[in-house]
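Please take these sequences and the hints and turn them into a complete structure.
Going down the list, the sequences are from chains C and L. Take the first sequence: its position 124, counting from 1, is numbered 168 in this note's numbering, and each next residue is one higher. Take the second sequence: its position 29, counting from 1, is numbered 101 in this note's numbering, and each next residue is one higher.
Among these hints, one or two may not hold up.
[Stated by the list, open to error] List of simulated lysine-lysine pairs, DSSO-like, C-alpha gap at most 30 Å: (1) L/Lys74 to C/Lys302; (2) C/Lys248 to C/Lys196; (3) C/Lys50 to L/Lys103; (4) C/Lys50 to L/Lys253; (5) C/Lys158 to C/Lys183; (6) C/Lys196 to C/Lys183; (7) C/Lys50 to L/Lys126; (8) L/Lys249 to L/Lys74.
[As the list claims (entries may be wrong)] Facing chain C, a subset of chain L residues (Cβ under 10 Å, in silico): (9) Leu91; (10) Ser131; (11) Phe147; (12) Ala151; (13) Leu152.
Note that these hints are calculated values from the structure, not bench results. This one's a predicted model, so the numbers in the text were calculated from it and none came from an experiment. For every residue, glycine included, the Cβ atom is placed at its ideal position computed from N, Cα and C.
For reference, the chains in residue letters:
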Amino acid sequence: MKRFTKLQRILLIGNIVLLVFGLTMMGLRQNPLSNMGYSAWTYIKYGLIDYPLTSIGNAFSDLANLWHVYEDNQYLNEELSQQRSYKTLYEEERNRNAELEELLEMKGALKDAKNVSATVLSRDVSGWDQTVTISAGSKQEIEPNMIVCTSKGAVGLIEEVQTATSTVRLLTSDDLINDIAVNIALDDGTNVEGVLESYDTERKAYRVSLFDNEATVTQGQEVSTSGRGGNYPSGIYLGQVQSVETNDDAIISTIYVKPVSNIGSFNYVFVIGSGKVS
Amino acid sequence: MKIRASVILILVCLLVDDLIAYGLYPDPTFKGYGFISHLTFLALMFVLYDQPWKTRILSGLLCGLVSDFFFTDSFPLYALIYPSLIYIAGLAKEWIKESALKRFLWFLLLLILLDLIPYCTFAMMDPYQVPFGVWICHRGILTWLINGLMILLFQYIFDVMDRYYTIRRHRISAQEKKIYKRLRLSRK
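Have a look at this one:
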């Protein structure tokens, strides 16, 4: 009777070989046998099972991730649109800051005059170049006929005063309440005076009548308030001479003055008064 | 079952065990629940329980060595456990052949021992081993439940395979009888 069958002999030899090989490798403390086995086994397993399964899994995962990508895209789009808003807000704030800085400089220059700072509360769209409402009223000692200036120069006169707000009649308005006495400093050191009568919408300039038709007023000269009449001091900048019109028959020479550059859009103003009762 | 089919089955089970261990890696901190797949051991029991004791021990030893050297790096733990349990599995072969329930219960008992023996061994060697209650709740019960279901699946597969091989054997023998009969008639 055989001690071992053929199968048992094969198994026995396999066991001995594996045991000797494994123990030798363990004894030599070389590269762990498990790693070698893993390498070969993992290679087969990866090719036959892991890779196909991983590929299928990835396909499903990608499909599922599409929704997340869509959500991410929506979120990023919102962020981007907000970013644009931030940019415009930043630019607006920067402009306001510059405007305030210029106003501060102007305030420094008007030491003796009474001045009140205010913000523009509303500006009617239909009458954009007619009136604005500002955040200063009788509480702030605002009085009618005081001049209203932006950082660039005069833009209007106080028309009505309420407790906390005032209505400003812009110099570009068709119904300017009072003429404004103006003064032009000439190159020869003399001054020529006149009156700002109205605003010419075609020329987009103030119509100023001068009292002296012999004065040599040229384009580009600066026009400011003379302080005669009205409840505001002299020297408030009104604009630059745009063109000159001389009438031989009359003693008054008419000039056209270009308003300050930001009369179309401003947020902060100074209300300036001379301190005298109007 | 033929030897070639048995070897292929054990290799496939080894592959699936490794894949499950790779894909569903049980939480080593025992905070979550997990299980260990013992398909290879189950396949070994089903293939070998009615084999001679030498075959059982040698086959179990081979699988234990492969597992120790190539997968778990735990020599000689499984090289001792596998042949021992496979040997024990065959001791009750007459009893478990009586009914499927007995076979199920016997294999389940051995399966539990397969988990308990390494746990107890490591518990003796390592004082910081996770408490038995925690191990049972977070690993043991799920492992035995899933592998118990696998025993039922294997029972079904092996029963079907046994029937298939029996029918095939009968057909072959019937064909051989016909051929002998023809040969006898042709001689006459």
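Right, here's what the structure says about each hint:
1. For the given pair, L/Lys74 sits about 109 Å from C/Lys302 by alpha-carbon distance, which is inconsistent with the 30 Å threshold.
2. Annotation: proposed proximity of C/Lys248 to C/Lys196 holds, straight-line Cα distance about 17 Å (limit 30 Å).
3. Between C/Lys50 and L/Lys103, the direct Cα distance comes to roughly 49 Å. Violation of the 30 Å bound is thereby established for this hinted pair.
4. Distance check on the hinted pair: C/Lys50 and L/Lys253 sit about 34 Å apart at the alpha-carbon level, beyond 30 Å; violated.
5. Restraint check: the Cα-Cα separation between C/Lys158 and C/Lys183 comes to about 14 Å, which is no more than 30 Å; the hinted pair holds.
6. Taking the CA atoms of C/Lys196 and C/Lys183, the gap is near 26 Å; set against the 30 Å cutoff, the hint holds.
7. For the hint pairing C/Lys50 with L/Lys126, the CA-to-CA distance comes to about 12 Å; that is within 30 Å, so the pair holds.
8. In summary, the hint linking L/Lys249 to L/Lys74 is supported, as the alpha carbons are separated by about 23 Å, within the 30 Å threshold.
9. A cut of 10 Å between beta carbons decides the hint on L/Leu91: the least distance to chain C is about 6 Å, and the hint holds.
10. The closest approach between the C-beta of L/Ser131 and any C-beta of chain C is roughly 6 Å, which is under the 10 Å cut-off, so the hint is satisfied.
11. Annotation: interface hint on L/Phe147 holds; nearest CB of chain C at approximately 7 Å, less than 10 Å.
12. The beta carbon of L/Ala151 is positioned within 10 Å of a beta carbon in chain C (closest approach about 8 Å), and the interface hint is therefore held.
13. Because the closest C-beta pair between L/Leu152 and chain C is about 12 Å apart, greater than 10 Å, the hint is violated.
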